[in-house]
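Engineer: Work out the full structure, taking the sequences as your base and the hints as a guide.
Chains as they are written, first to last, in this note's numbering: chain A, -9 to 158; chain B, 117 to 533.
You may find that some hints are simply not true.
[Stated by the list, open to error] Derived CB-CB ranges, DEER-like:
1. B:284 with A:29: 41 to 47 angstroms
2. A:95 with B:430: 39 to 45 angstroms
3. A:50 with B:337: 38 to 44 angstroms
4. A:42 with B:222: 56 to 62 angstroms
5. B:192 with A:3: 18 to 24 angstroms
[Unchecked claim] Below, simulated EDC-like cross-link-like pairs (lysine to aspartate or glutamate); rule was C-alpha separation at most 20 angstroms, straight line:
6. A:78 with B:412
7. B:384 with B:395
8. A:78 with B:411
9. B:384 with A:32
10. B:239 with B:411
11. A:42 with B:381
12. B:239 with B:327
[Claimed, not checked] Sample of chain A residues lacking proximity to chain B, with all beta carbon distances greater than 10 angstroms (derived):
13. 59
14. 61
15. 65
16. 71
17. 78
18. 122
19. 124
20. 128
21. 149
Keep in mind the hints are simulated off the structure, nothing from the lab. Note that the structure is a prediction, hence the values are computed from the model and not measured. Glycine is no exception: its CB is placed at the ideal position from the N, C-alpha and C atoms.
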Amino acid sequence: MANNTVTLTALFQEDVRAAQAVRDITSPSWRVERVCGPVPSEAIHQALRGKKTPVGWFTLIGGLLGLVTGYGFASFTSLRWELIVSGKPVVALVPFLIVGFELAVLFAVLGTVIGLILHTRLPAYGDEEDNPVECTADRFGLVVQCPAAELGELQAFLEERGAWVRRQ
Amino acid sequence: MGATAMTGTEANGKSKRFAGVGRLAWGMVLLGLAGFVAALLLGEPQIAWRAYLVNFLLFSAIAQGGLAVSAMASTVHVYRSSFPQLAEAFSAFFPVSLLLFLGLIPGAEYIFPWLGQDFAGGKDLWLSLPFLFTRDVVAFVLLYALGLMYLYYSLWLRVGQSAPQTGLRTWLAGIWSRRSPNPETYANRRFVLGILYLIAFAAVLSLVGYDLVMAAEPHWYSTLFGAYTFIKAVFVGIGALIILAAALHINRSVRMEIASWEYIDAGKLLLAFCLLWADFFYCQLVVIWYGNIPEETAYVITRTVQAPWNVMAGTVFVLGFVVPFLVLLNRRVKTLPAMMTGLCCAIVAGMWLEHYLLLAPALGGAESTVLPLSWADPVISLAFLGIMIRVVLGYLNQFPETLEPVAGSRLHGAGGN
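Structural biologist: Pasting the structure below:
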């Protein structure tokens, strides 16, 4: 119950140590509330067994859309005028690849940004978590809850794994 | 000196692991050699020498590009992957490549169609057989000397002295014991030689691309052809490196430890050079297409539009770009050694076809209505493949530490991205 639990914040210098600590927590009474850090970490993501992010699909769809749009845009504008340049076809696939490629990159980037915003449910007004300030700098933080009676054991467990621990 | 100590028994045991594959490789060499001689005796010298040239270019590119990967990685001081040290195994092909290049001399009339032609504007000075062979031999010697010097320092930093001193190791151990090397000095020298090798790699492969491939059509030129050649070498070198790593990882008697992140990094590098190779091809294509100058377009039209070469061009495009691009977008695929082996084999096959496509229309294939692929092409290719396998295995037998994980490397998903 909430009254009998305490929350510890463990700060690690390396993401791999934080990930290892997450993997080593097997006690059912210890609960990892969240893990935070200044940069994304594949090691921590794997340790938390997180689902694969769907943002990549936004990137792929954006890129494909951009490629088609680029070709379509260049073809449409060429067909409006039907000017024959240097004996080349009006709709020329070889040079239109440049337009298609550039728009593919642009739309892929835009798709990624849109995917990120949607997936992280931004803007998140009034939903701010109290993350350790060090996690915005050079530390990976692990916020763990445990029963008050096991505080010492959890603290020793985390310090053994290279963390600097403080009580929240 | 960073080194993993190995007992004599361990090293001897490890060297016997490759005995079967070594015998198979020798068989391939003999079969290929027999095929080459048979083609000459059966009145098909054009086919035999064309296959020789295509395979010489491809396998030399694999060796040169492979060591370039190691040299590139050596500029990143904290990159702890097994791939760069494994890439150094391809440098064992360097002396063979030099000999094979000299072996082109007897077949000059079949692989240099410009022989006997008159050129204006100084081109006859450039396209003269003695000058071509002299400058290219000097270039290869320079490139391979820099590569082997880089390897010398790299080996000292990795190889232990407790393994049995046989063959090359005895000679190296003798030199090292006389010199009392300093680790920091040798690491700096390796760093500098790595950079010099990369500069020479770009210059020499550009020269080789111009002399041996582009000059087959002596009236056509593309200024980007040299860069296209060395980018292709890195691309195919990375592909061959992944095949080698995966084979050693999967092989039950070797079981080389390679972490997922190392495969992912190699896969990303492969994707990057796949895009770069395709991009360099497109850069040449779009300029020629837009300029529409007959002197330039004839080369491209023959190889991409006209039958029978358009089919091969489409195949090269699919094997070299479409399939690798689509497959390598997926992260998980990069961690599957068997899948990556299949993909990289397709890439190497695509690059073989690409060399063939660039050369064959100029070397007796211009009037063909069907693709002039013959039985001699795969048979002679076997010889070169057998030689490559044999020399790489020889290197791994001499330096079995190459198969050990890098000291301090982060294995088992504990690090990397």
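Engineer: Hints numbered earlier in the text: which of these fail when held up against the supplied structure?
Structural biologist: 2, 17
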